[in-house]
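Starting from the known structure of chain E, fit chains G and A onto it as the hints suggest.
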Amino acid sequence: MTRHVVASVGEIPPGGRKLVSVGGRSIGVFNVGGAFYALLNRCPHQGGSLCLGERVGLVLSDEPGVYRYTRPGEMLRCPWHGWEFDIRTGQSWCDPRRTRVRTYPVSVEPGEALVKGPYQAETFPVTVEADYVVLEV
Amino acid sequence: MSEQVLERARESETRLGIVDCDIHPMLRSEKALLPYLSQRWREELTTNGLRTRNPFVASFAVPKATPALSRRDSWPPSGGPPGSDLDFMRAQYLDAYGIETGILQVLIPSGKDQRNPGFGAAVCAALNDWQVAEWTAPEPRLKASIIIPAEDEEASVAEIARCAGRKDFVSIFISARTTEPLGRRRYWPIFAEAERQGMPIGIHTGGSNGIAKTPSGWPSFYFEDHFGDALAMQPLLTSLVLEGVFETFPALKVVMIEGGFGWAPALGWRLDQHWARMRREVPHVKHPPSHYIRRQVWFATQPIEEPAERRDLRTLIDWIGWDRMVFASDYPHWDMDDPRLAFKIALGEAETRAVFRDNARAAYRLA
Amino acid sequence: MTAPEQDADDSDRAEESAARLRALRPVDCDIHPPTPVMAELLPYLDDHWREVMVSRGIDGLGLASYPPGAALSARPDWRGADGRPGGDLDLLRREALAPWNTRLAVCHCLHGAAAMFSEDMGAALARAVNDWVAAEWLDREPRLRASILVNPRSPELAVAEIERCAADPRFVAVLLLAGGETPLGRRSHWPIYAAAARLRLPIGIHAGSDFHNPITNTGWPSYLVEDYVDQAAIFQHQLLSLIGEGVFTKFPDLRIVLLESGFTWLPAFVWRATKEWRALRSEVPWVDRSPAEILREHVRVTLQPADAPPAPEDLARVMEQLGAERVLLFSTDFPHWQWDGAAVLPAGLPARLLSRIAVENPLETFPRLRHPAVPPRAPAIPIEGFAP
Numbered sequence: 001m002t003r004h005v006v007a008s009v010g011e012i013p014p015g016g017r018k019l020v021s022v023g024g025r026s027i028g029v030f031n032v033g034g035a036f037y038a039l040l041n042r043c044p045h046q047g048g049s050l051c052l053g054e055r056v057g058l059v060l061s062d063e064p065g066v067y068r069y070t071r072p073g074e075m076l077r078c079p080w081h082g083w084e085f086d087i088r089t090g091q092s093w094c095d096p097r098r099t100r101v102r103t104y105p106v107s108v109e110p111g112e113a114l115v116k117g118p119y120q121a122e123t124f125p126v127t128v129e130a131d132y133v134v135l136e137v
Numbered sequence: 001m002s003e004q005v006l007e008r009a010r011e012s013e014t015r016l017g018i019v020d021c022d023i024h025p026m027l028r029s030e031k032a033l034l035p036y037l038s039q040r041w042r043e044e045l046t047t048n049g050l051r052t053r054n055p056f057v058a059s060f061a062v063p064k065a066t067p068a069l070s071r072r073d074s075w076p077p078s079g080g081p082p083g084s085d086l087d088f089m090r091a092q093y094l095d096a097y098g099i100e101t102g103i104l105q106v107l108i109p110s111g112k113d114q115r116n117p118g119f120g121a122a123v124c125a126a127l128n129d130w131q132v133a134e135w136t137a138p139e140p141r142l143k144a145s146i147i148i149p150a151e152d153e154e155a156s157v158a159e160i161a162r163c164a165g166r167k168d169f170v171s172i173f174i175s176a177r178t179t180e181p182l183g184r185r186r187y188w189p190i191f192a193e194a195e196r197q198g199m200p201i202g203i204h205t206g207g208s209n210g211i212a213k214t215p216s217g218w219p220s221f222y223f224e225d226h227f228g229d230a231l232a233m234q235p236l237l238t239s240l241v242l243e244g245v246f247e248t249f250p251a252l253k254v255v256m257i258e259g260g261f262g263w264a265p266a267l268g269w270r271l272d273q274h275w276a277r278m279r280r281e282v283p284h285v286k287h288p289p290s291h292y293i294r295r296q297v298w299f300a301t302q303p304i305e306e307p308a309e310r311r312d313l314r315t316l317i318d319w320i321g322w323d324r325m326v327f328a329s330d331y332p333h334w335d336m337d338d339p340r341l342a343f344k345i346a347l348g349e350a351e352t353r354a355v356f357r358d359n360a361r362a363a364y365r366l367a
Numbered sequence: 001m002t003a004p005e006q007d008a009d010d011s012d013r014a015e016e017s018a019a020r021l022r023a024l025r026p027v028d029c030d031i032h033p034p035t036p037v038m039a040e041l042l043p044y045l046d047d048h049w050r051e052v053m054v055s056r057g058i059d060g061l062g063l064a065s066y067p068p069g070a071a072l073s074a075r076p077d078w079r080g081a082d083g084r085p086g087g088d089l090d091l092l093r094r095e096a097l098a099p100w101n102t103r104l105a106v107c108h109c110l111h112g113a114a115a116m117f118s119e120d121m122g123a124a125l126a127r128a129v130n131d132w133v134a135a136e137w138l139d140r141e142p143r144l145r146a147s148i149l150v151n152p153r154s155p156e157l158a159v160a161e162i163e164r165c166a167a168d169p170r171f172v173a174v175l176l177l178a179g180g181e182t183p184l185g186r187r188s189h190w191p192i193y194a195a196a197a198r199l200r201l202p203i204g205i206h207a208g209s210d211f212h213n214p215i216t217n218t219g220w221p222s223y224l225v226e227d228y229v230d231q232a233a234i235f236q237h238q239l240l241s242l243i244g245e246g247v248f249t250k251f252p253d254l255r256i257v258l259l260e261s262g263f264t265w266l267p268a269f270v271w272r273a274t275k276e277w278r279a280l281r282s283e284v285p286w287v288d289r290s291p292a293e294i295l296r297e298h299v300r301v302t303l304q305p306a307d308a309p310p311a312p313e314d315l316a317r318v319m320e321q322l323g324a325e326r327v328l329l330f331s332t333d334f335p336h337w338q339w340d341g342a343a344v345l346p347a348g349l350p351a352r353l354l355s356r357i358a359v360e361n362p363l364e365t366f367p368r369l370r371h372p373a374v375p376p377r378a379p380a381i382p383i384e385g386f387a388p
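Residue numbers (the numbering used here), protein chains in the order written: chain E, 1 to 137; chain G, 1 to 367; chain A, 1 to 388.
Treat the hints loosely; a few may be bogus.
What the hints assert, rightly or not - Some chain A residues near chain G, calculated using beta-carbon distances under 10 Å:
| hint | residue |
| --- | --- |
| 1 | ALA135 |
| 2 | PRO183 |
| 3 | ALA268 |
| 4 | PHE269 |
| 5 | ALA279 |
| 6 | LEU280 |
| 7 | PRO309 |
| 8 | GLN338 |
| 9 | VAL359 |
What the hints assert, rightly or not - Result set (EDC-like, lysine to aspartate or glutamate): computed pairs, CA atoms no more than 20 Å apart in a straight line:
| hint | chain 1 | residue 1 | chain 2 | residue 2 |
| --- | --- | --- | --- | --- |
| 10 | G | LYS286 | G | ASP272 |
| 11 | G | LYS167 | G | GLU195 |
| 12 | G | LYS64 | E | GLU54 |
| 13 | G | LYS167 | G | GLU100 |
| 14 | E | LYS18 | G | GLU100 |
| 15 | E | LYS18 | E | GLU74 |
| 16 | A | LYS250 | E | ASP62 |
| 17 | G | LYS344 | G | ASP318 |
| 18 | E | LYS18 | E | ASP131 |
| 19 | A | LYS250 | E | GLU63 |
| 20 | G | LYS344 | E | ASP95 |
| 21 | G | LYS286 | G | GLU309 |
Claimed, not checked - What the simulated footprint calls covered on chain E by chain A, stretch by stretch (three residues with Cβ under 8 Å from a Cβ of chain A suffice, anywhere in the stretch; the number is not a length):
| hint | stretch |
| --- | --- |
| 22 | 57 to 69 |
| 23 | 78 to 88 |
By construction, these hints were calculated from the structure, which means they are not laboratory data.
None of these values were measured; they are calculated from a predicted model.
Where is the CB? At the ideal position from N, CA and C, for every residue including glycine.
Just chain E, same shape as in the assembly (with noise of 0.2 Å):
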């Protein structure tokens, strides 16, 4: 596992998110409500790139007809056939168990420990002042 900074946590505001490059892999970094996940740009169905999907609320039913919509903002819906994935935890909600997308450790770590290392801040310059979202990979 290496540690990659990949974006300055100003970059990414609650609700955003930013497709980085880590490792020759395609990664999208999401912030949910001032938290930051990861989730391989790839949907586990057909390959579709999952992290260009929508970001919508999880709706929930208890009864025909009654519309219970919770989560704004914390599913991800496949930009191809739909599938929801929950950003939080990778898995799709539909097959909770078995279908899932490969999630990354990230943490926001203040600029004056990264420029000691042992970080790679591969694109971006990194300043004592700023905190930066770090990704492991």
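Relative to chain E, chains G and A alone:
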């Protein structure tokens, strides 16, 4: 494990040029049709517009799952709807996947479903000229399907005859929702002409005919509507067989497009069983129905079947026949199949060649 | 075309499986008493409706899905002396019950009461048919049970009829036609399901149509055989509606029995329905389990017509795909002509499933079959007044 299977499929297909039987080009806007219409029909388009049996001016009766029923990453950066930009289609699909031949199926607008029959025929002709001018002429990998006003058999035959001589066209397009079951005699001049020209008829799901989407009235949800389009293929094929279309036109080839294929074996068994007991009613059907299906019908692979046990995908194709499956992607629609990843089973080299290339080459008489 | 040895083998095999069936004392989930003509129903109509029927000359209300003379409607040896499909009770006993040592058989009376446009006339006829079935068949043969015929155009009157008949424990299901006016999942039908679930009556959906819509979504086919083959698609649309509208979420105890539907189409249907659900479930969020799971729990299907593949090993594969161990119910479909001789069990039906299919599944599916069926009061008699 499944990853390995997929990787293997990917390798063999990059070596192989793929024939894709279902690619949807789209007008940049309705106005893009104007240059191909006469003054009279230009005026119709810009005043009354396209009028079918749907309740809304510019929406499907049952709204689709995605804008323009397309995958969300297929909107061209140049603007315009998915499928409207040849360069983007080349980059995103034809080049990226090594498509040797892509067969176009124009779904929208539907000339066949126009309520003004003269206008419908004009729309079909305009779409055919548009396909040549903007797609098949600039991109030789693409081939067109002749769009016909199928409810008007005379006009259909004339349009087939007008287009069939051009090498740009390799098939005839009919959307499944006709106003009568497709096997009925009023449509036979179309089959006769298709047989004469040696062109397969590609029957593509969809269309609108004003008849309830289910034989028990209108459903509520796209969940039903979308699957319902595929279910429509079963009575349609039944009609072709039991009306005697295949008996009368033994050289006619039919390609069933976007209906899937999981239903086909069971339909064949059911047809055979009941034909055997009730055949006195249909003496013109001389062989068991499955004989005709095996002889004259091809099935496009999309939407790929996803059985609970993956091996049943192989079972299904064993039952249908590996020489009768032709690959289709349905690009750029949302329910498309990726040629590299749609099959969740490992195909042998010969199976891959047959399904992804050779069967379609033979059915469509491609070089 | 078939070699004589082949015939002999088939016939031996049929005899063997018939012997196994006899030993099990099967439950036959789909048989058909003849469709009553109006003269037979008159005693079961009230004065008003009796006068209406006579005065207007109303008769011939058998369903056009089953023309009485058609090959489909009766096996050649299963017609009465007058040609009537199914003949009379003696024929039914001799040909449908005795050969299999049948324990119980569920009668589904295919009468046009279900297709009547007038809600009131439809309800009056359904009531008469149900009372005729009780008096002429159930009272005379203790092995028979029946479904409750209703006209679904009026859910209120249908519920009233279900409640009225359900007092008699020999009525074990509700009968609806596959082809109807609106998809069966639609909320307007829900009072029927609420009553059925409450009274532990599964909903039997039988092949056939009320012809309020064309048989296909491209209009009317030309041939009867085509109508019949197309029933499979009608059932598929209906299942999709029942799932999509959330009927099984709303009525978790409801069971659906597909009668005379064929079943080899069902596995592929389930796969596709599940695929659609994965893509589109947020449109119908009350569908909170996969259609495969829903169907396994709530839907049962009868054996005949088997629509079987020619190779027995292929049918065995279909049985696996179907989960036949739980979902398949024995039926002869007497007197409809689906099979010959003693070959009620298609080749390839695994022997180990037989007791599930012939006994256990039916008894689980129709809970009322498990109880001694003593009519609660005097058997149905011609009624005096009409209480809506």
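- Message: Of the numbered hints stated earlier in the document, which are not met by this structure?
- Response: Numbers 1, 9, 14, 21 - these are the hints that the structure violates, sorted from lowest upward.
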